[in-house]
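Q: If you want the building blocks of each chain, they are given just below.
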Amino acid sequence: MKRVIRTAKILVATLGLAAIAGPALAQKGLDEPFQKPFKEALTGKTVAYVPVAMNFDLTEGWYAGLKKELEPFGVKFEIRDPNWNTNAGAQAVTSLISEKPAVMVIHNPDVQTYAKLLQRAENEGIYVIQINMGSAYRSSAFVGANWIEIGEKDTEAVVKACQGKSNKIAIVQGALSAAASAYTLKGVENVLAKHPEIKVVSSQAADWDAAKAKAITQTVLKQNPDLCGIVGFWDGMDIGTAAAVKEAGLTGKVFVATSGGGERKGACELVKSGAFDLNLSYDVPTQAAQMAGTIKWLLSSGAKPGSIKGSEYTTLIPITKENADSQTACWNLSDLKK
Amino acid sequence: MKRLRFNQQEIVFAVFAVLFLAFSVFLRGFLTPENMLTLLQNVAVLGILGLAMAIVVIGRGIDISLIAALAVPPGLVLQMVQDGHSLPASLLTAVLLTIAFGLVNGWLIAYAEVPSLFATLATGLLLAGLGQAALFQLDVVQWSDGMKGFERLGQGTILGIPTSIVMFAIACIVVAFLLRRTRWGAYIYAIGDNPYAARVTGIPSRPIIVLQYVVAALIGCFAGLVMAASVNSMPTRIFNSTLIYDVILVVVLGGIGLSGGRGGVLNVIIGTLLIGTMLNGMTIMDISYAGQNLVKGVVLLLAVITDSFLNPRNEETAQQGDI
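For the protein sequence lines, the chains are A and B, in the order given. According to my numbering, the first sequence is numbered sequentially starting from 1. According to my numbering, the second sequence is numbered sequentially starting from 1.
Quick caveat, the hints were computed from the structure, so don't treat them as lab data. On a predicted model such as this, the values are computed, not experimentally measured, just so you know. Virtual Cβ for every residue (Gly too), placed ideally from N, Cα, C. One or more of the hints may lead you astray.
Stated by the list, open to error - Short derived list, chain A residues pointing at chain B, Cβ under 7 Å:
#1 PHE56
#2 GLN218
#3 GLY240
#4 LYS265
Looking at chain A on its own, in the form it has when it is part of the complex (with noise of 0.2 Å):
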């Protein structure tokens, strides 16, 4: 009996003991074995980045979020500028093949240019990100909107704004090259092909030009004063739209309904002024962080590139008269530069 109570006693004072040393053990601290990899695969790396052009919101917006992602890892963050120039582009991708950066983020003009040399880069051992507008070959990863989506969410506003009315509605398309606004026409279509009842009095190409955008919509508004509703492809096109529904003073009666990146300016405000009734937003900063994140995810994985692909469409923000007001909608393109 004695021998129990002995080993009992015992028994608590380890315990004790191990109660107290437990907490000084834990003061020397704990290593995370994940971190240290983590950096060395980010430090020194190149990222090179291939917008269709500087400048605009879009590329603006995602050049300043990359930046401010990646650069405090230590990674070298290059920007290759063709200024809409699609030739320019493929050299800048040929060239930077031979430069061996770690990951390219390419925005493509179309579907085809870059298709073949996209393909070429992942054979040679880079990570290939194509943001926005997708290439015919799919890569180690894609984020950006889905063009289809747009065009039905946008098609669908429009015929709901539509009910009770003429049914007469116009279409503003992009440039007729442009992937983007194919696969936005394809979502129009796709809507359409449900509402047999709406009738399109026009459906032209504006080149992406503010001025085109007006004396089309000019035209066709005088042909059909009783339009109830336009689609456009574009926000930065389709301010010529809109102020040719002002000034027939049809603002409020003819439904606009357009998609950008959410640059405060280009969108919130203008929904606001009702220029435009709905503009979906494929909010920029919001994929600029998906793209630093799948470039992280990438490099720390070690995957070889091109043997793992995926997608990251983007989630909309539908902007209305209703949070055009809210600081969360929109962003301001000075703000994430900072």
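Got chain A sorted already, so can you dock chain B onto it with the hints?
A: Frame of chain A; chain B shown alone:
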């Protein structure tokens, strides 16, 4: 028997008349007062640019940098106001920039004797590059609250006529006065017709050439302001577009020969009307973009071919040397 002779101006006017009649008869909604105003409104900026180009071309030059003058100084106005400067100060800065730009163009062509095509090609790139690199934050410079009221330059109506048409009319009157009623205008024709003879007769040809480019740049800037006011923003990327070819087309199609010394404001108006009628008719018919380009190309080719059949080139005209 006297051979029938038409000059290019008359041919283009005939093409315009035929098109206009055809559209009026076959296209419902074309020949309405509202649509006529829209037609004019849509080509008003093009017409104003055509006037600027006409002045230079009559003086036997060409100004490829016109679109830069259209895009950059007005863009600067919008950007400065956005950054908190006052509207008058911004306008003054833009006008000074435009004059400086015209002076550089004129100096290069008149004094350094660089061919106008190359000189303005380079300066246009320079000004557009300067805008993109140093002046603007974004390609599309948005309207801001400080510009309030200024949009009337391109929107709304004056006595029922859309303002941009009124602006085109004012520009037409000013340029017609300059070309036909002033001594400078007469000098421009003289230089365009025969620069060497003009110099021998004592016309100050170099300063007059400089003046041409300054006036052209100022008109370009004015067109830009009207355009910006009409779409509530300045898409400065327009410099990369094919607008300059449309401007040259308006001028050449209207019958102002690139060899200089001929034509006037009326030619610009006719060229503008033809382009406007085609664009408007095709928009009403909802012809696709590719189809529109095809039609435009065919009509223009027809006009040019007819001209060269009816007015064949001879040694004298060939010597004038088109570009």
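Q: Looking back at the numbered hints, which does the structure fail to meet, lowest number first?
A: none
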